[in-house]
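Going down the list, the sequences are from chains A and B. Going by the numbering used here, the first sequence opens with residue 1, and the numbers climb by one from there. Going by the numbering used here, the second sequence opens with residue 414, and the numbers climb by one from there.
What the hints contain is simulated information worked out from the structure, not anything from laboratory work. Quantities reported herein were computed from a predicted structural model and do not represent experimental measurements. Positions of the beta carbon are idealized from the N, C-alpha and C atoms, including for glycine. Misleading hints may appear alongside valid ones.
Stated by the list, open to error - DSS-like mimics (lysine-lysine), calculated; alpha carbons at most 25 angstroms apart, straight line:
1. B:Lys-480 to A:Lys-129
2. A:Lys-129 to B:Lys-491
3. A:Lys-63 to A:Lys-34
4. B:Lys-491 to B:Lys-480
5. B:Lys-491 to B:Lys-466
6. B:Lys-466 to B:Lys-480
7. B:Lys-443 to A:Lys-126
8. B:Lys-443 to B:Lys-480
9. A:Lys-254 to B:Lys-491
As the list claims (entries may be wrong) - The following residues of chain B were derived to be distant from chain A, with all beta-carbon distances above 10 angstroms:
10. Met-414
11. Ala-418
12. Ala-425
13. Pro-441
14. Ser-455
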Amino acid sequence: MNINNTDVVVTGLGATTPLGGDVASTWDALLAGKSGVTRITDEWIEPFPAQLVARLAQDPSEKIDRVRSRRLDRSQQVAVVAAEEAWADSGAGDAGYDSLRVAVVMGTGIGGAMTLLDQDDILEAKGPKRVSPFTIPMLMPNGPAAAVGLAIGARGGVHAPVSACASGAEAIRWGLDMLRLDRADVVLVGGAEACVHPLPMAGFASMRAMSTRNDDPEHASRPFDAGRDGFVLAEGAAALVLERADAAKARGAKVYGTLAGAGGTSDGYDLVAPHPEGEGAQRAIGAALRDAGLSASDVGHVNAHATSTPVGDIAEAAAILEAIGDHAAVTATKSQSGHLLGAAGALESVFCLLALRDQVIPGTQNIEQLDDAAAVQKLDIVRGAPRKATFSAALNDSFGFGGHNMALVFTTA
Amino acid sequence: MASTAEIQSGLAEILEEVAGVAPADATPEKSFTEDLDVDSLSMVEIATAVEDKFGVAIPDDELGGIKTVGDAISFIEKNQ
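In isolation and in its complexed conformation, chain B is listed as follows:
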């Protein structure tokens, strides 16, 4: 079980790799599309990377509801 801090830093690594988001910018209140300029195809890549890193699959119907970095952190926390 990864801690919240571990999930946040792991997610920041993924965002840096996939979308070039500086790790310091990947804070919970940030919206993927509005603040971090992550488009829908990149979100699909992020979901795949999350599954690899945390073993948590994000179904398509849940992916649309994940708007912020914080949403992603809580989804991973709940489902890991």
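Chain A with its partners taken away, still in its complex shape:
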């Protein structure tokens, strides 16, 4: 096995989120403290206990033409929008890379659930012959990765990690591995999710995982606040272009930062509940730091997974405290974006890179009274307005139902 431990850098970013239709507008809205959360007003929502959602700021139809859209599930549409932005941003498409050495790793948590459910309605109402011939390619969980592979002409492999809300982060780790193993020269990585539909909404609500603060949408997602009562479902996608540092330098590419290390573990504890002390999360963070050759004291900023669920935020706070300590400035951007599930790790990695570039840490919104758990109290959580800071390494945590734990470390270029 040829393990090539050269540095891997990020040369392109893309996103379409509840905060903006691209990276720049999303970042601006984040730093301005804006919320992407609204209350659903469709008639079907009436019997639902949790009625909040963070929908895309810009519909994908504004960037993908109608004929192309109709054969892509919404999760594939958002993946393509984010990927095309990242690909153009990187300039890698014009850099002379052999398409046989271009790969895609794009994760999703739920995949094409909207297609599955819509086509099931057609099956019930009109019979099997009326089910779309595009049903399978639209609902398969590798659909977003495949659509992106087609969009950028990647012929070196298209992969789709599925690890619930850690999928986007796992995709980034997978891309890092591919470059280190010399399986590709450039890898477009990320995550995509679009499942705002009654069934997923009902399923998450039945788990009591979603906020029911229906009358106060903008303040519903409140990670680390004592009054938090669950996450807000969001849709969107984010993408990053990874290349070897030497190749990126040789072609004069703009570099956002280095993907210095990654760690992944599993809890082996419960299918959905996190380990109370975040034991698996601690190990993931530790593994990412060792992989990056950094120590805990090097990490100046943590973009926490912090979804605003009562149990999850405390377990993560305990893990951060144990694995990193109390010196790093922690933020929870889901307070504004909502929870993009399988795209969350990718979006928050984009935020880590922009935080490193701009030397600014976005604030966590909606903390009125900090949770009184000891670990939460000890962390340096940035609240409200963004904070200027001087730091060279940022950590992104991502966790998923199934006991998946992912940690990624980014450093300044």
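Add chain B to chain A, keeping to what the hints say.
What follows is chain B alone, placed relative to chain A:
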């Protein structure tokens, strides 16, 4: 009974909707796959739309024999 011209324009509408083919390009001599870039899954959608619009079902074993817009027009004409 739709006239040949009506069938041609109706088929052009379907092709525009399903595959983004400009109506002016949907002329009888055009091959679906070679000229109009319509793939096999889109052909299945087109067959369903033809059934809705003209009441003519195209069985799977006939669909493969329909290569051009003209083939589709004659099949619909004969079977309507």
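Least C-beta distance between Ala-418 (chain B) and chain A, which was stated to exceed 10 angstroms: Fine: 25 angstroms to the nearest Cβ keeps Ala-418 (chain B) off the interface.
Quick one, are Lys-480 (chain B) and Lys-129 (chain A) close enough, alpha carbons at most 25 angstroms? Status holds; Cα separation ~22 angstroms.
Going straight from one Cα to the other, do Lys-491 (chain B) and Lys-480 (chain B) come out at no more than 25 angstroms? holds, 16 angstroms
Could you grab the alpha-carbon distance between Lys-491 (chain B) and Lys-466 (chain B) and see if it respects the 25 angstroms cut-off? Holds, at about 15 angstroms.
Is the nearest Cβ of chain A still more than 10 angstroms from the Cβ of Ala-425 (chain B)? holds, 14 angstroms
For Lys-443 (chain B) and Lys-126 (chain A), compute the direct alpha-carbon distance and say whether it is at most 25 angstroms. violated, 32 angstroms
Ser-455 (chain B): least C-beta distance to chain A exceeds 10 angstroms? violated, 8 angstroms
Holds or violated: is the Cβ of Pro-441 (chain B) farther than 10 angstroms from all Cβ atoms of chain A? holds, 22 angstroms
Separation of Met-414 (chain B) from chain A, once the least beta-carbon distance is taken, above 10 angstroms: The assertion about Met-414 (chain B) holds, with a minimum of 25 angstroms to chain A.
Pair hint Lys-129 (chain A) and Lys-491 (chain B), alpha-carbon separation not exceeding 25 angstroms: Since the Cα atoms of Lys-129 (chain A) and Lys-491 (chain B) sit roughly 23 angstroms apart, the hinted pair holds (cutoff 25 angstroms).
Given the hinted pair Lys-254 (chain A) and Lys-491 (chain B), is their alpha-carbon gap at most 25 angstroms? violated, 62 angstroms
Within 25 angstroms, alpha carbon to alpha carbon, are Lys-63 (chain A) and Lys-34 (chain A)? holds, 23 angstroms
The structure shown violates the earlier hints numbered 7, 9, 14.
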